[in-house]
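A.B. asks: Build the full structure now, drawing on both the sequences and the hints.
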Amino acid sequence: MIKNNDKQKGVVKISFYLQLLAEDYNYLLLVAGGIVIIISLLLLLKKKKTTESNDIDKDYKNLIHLIETDFKQALNKLDQIEDIEFKEELILKGKKDLKKNSYRQIKSYFVNHAFLKELLEETFAQDVERRKKAAFVLLEIGTTQAIDYLIPLLYDEESEIRNLVIQNLSKLDNPKVITTLINYLDSCDDLATLNVLKESFLELGSVSVSQLLTLLKSRDKSYLNWVVEILGDIGDKQAIDPLINLLYQHPDPQIRVMAAKSLAKFEDEKVFKALLHKIEDDNCNVRAQIAKLLGEFDQKEVIPYLCKMLTDDSGIVRNNACQSLLKSGDEGIKYLILAIETNDLKPDVINKVRGLDSLKLLKVAKEIYQTSNNDETNKLKLIKQKQEQEDEEQEELTG
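All residue numbers for the sequence shown refer to the working numbering, where the first residue is 2 and numbers rise by one.
Any given hint could turn out to be false.
[What the hints assert, rightly or not] Here are the simulated DSS-like cross-link-like pairs (lysine-lysine), alpha carbons at most 25 Å apart as the crow flies:
(1) Lys262 / Lys199
(2) Lys301 / Lys353
(3) Lys97 / Lys134
(4) Lys88 / Lys101
(5) Lys59 / Lys78
(6) Lys118 / Lys96
(7) Lys97 / Lys73
(8) Lys172 / Lys96
(9) Lys238 / Lys293
(10) Lys199 / Lys94
Derived from the structure by calculation, the hints contain no laboratory data.
C.D. replies: Below, the structure written as structure tokens:
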């Protein structure tokens with residue numbers, strides 16, 4: 002009896018498992034069938050896309066040939082084409098595939114056509130690649146209207162598109178570019194984008210300087226610093242006087258420091274004299290920057306000014322003056338030693354001299370004392386007297 006019950010239970014279990022297997026088999030068949038259908042559809046779509054692509058390539062080649070052989074008929078054919086992607090390809094690839102004059106005529110046709118408005122709509126497309134392609138086409142067309150239609154992309158949510166437009170705008174020979182980028186500055190607070198803008202203005206060069214100079218009236222300190230730095234990097238001499246005015250008159254020491262840095266990039270006597278005059282600036286950071294910049298000038302005339310700054314109340318000014326004298330070579334070291342002899346200098350300056358290579362120090366000292374020490378000392382005093390006289394004359398001129 003027990004054995005019969007066990008057999009019945011075994012039969013029930015086997016039946017149960019067979020039923021589950023049948024159900025799983027049906028499920029697997031359904032899944033496999035679904036996968037086969039999906040793969041088939043993808044292959045069909047790929048084939049269709051390939052066919053369409055081949056058709057487009059064929060139509061494109063035919064149109065290119067027609068443009069070169071019968072331009073009027075080519076325009077009639079273009080009027081019948083509604084596919085914007087085809088027209089975009091004609092602009093982007095036609096530059097390579099068409100003769101220069103034919104390509105210029107096609108661009109002119111599109112400029113006077115509804116195509117530009119279609120491109121404007123593309124700049125608002127959801128798809129990033131469509132917006133990017135529209136940007137490239139508008140940049141290639143490069144007219145004033147095309148630049149206007151690029152403005153929405155300067156505010157695109159994708160930084161890649163914003164930077165693409167900024168970088169390529171500077172390559173266009175159109176005065177509208179500078180105005181567009183200058184206006185964009187007012188709403189640009191992203192550091193990475195500002196760096197891209199800086200590179201664009203540097204590429205534009207001197208043609209952008211007159212409009213950049215109008216931005217020197219800005220009250221935004223970081224914005225003003227940015228403009229001052231670019232003016233120095235461009236290096237156009239029409240920026241010298243406005244930058245000197247900033248160095249002399251701007252109330253913010255940080256702006257005066259940046260103005261000094263930018264001015265030092267110009268090789269101009271007016272700049273040199275302006276920097277010398279500001280060794281008396283009331284802010285130690287400005288004086289320290291001047292002391293550092295004077296060390297970049299390969300002129301012995303700076304040495305007595307730097308010697309004067311060794312007695313400054315600020316340690317950073319003294320340090321920079323000392324470093325600049327050391328950069329001046331043996332002549333600077335010589336006057337540094339003489340300054341120690343003739344002035345009651347702070348320990349930090351004396352320690353700088355002590356830190357010099359002893360052989361170099363002995364060499365310079367020997368040069369000093371081969372001649373009359375009094376002669377060298379008197380020479381230093383005469384230079385200082387001349388400097389004081391020049392300072393008084395400068396104060397009368399500016400005051």
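A.B. asks: Need the list of violated hint numbers for this structure, in ascending order.
C.D. replies: Hint 10 is the one this structure does not satisfy, whereas the remaining hints hold.
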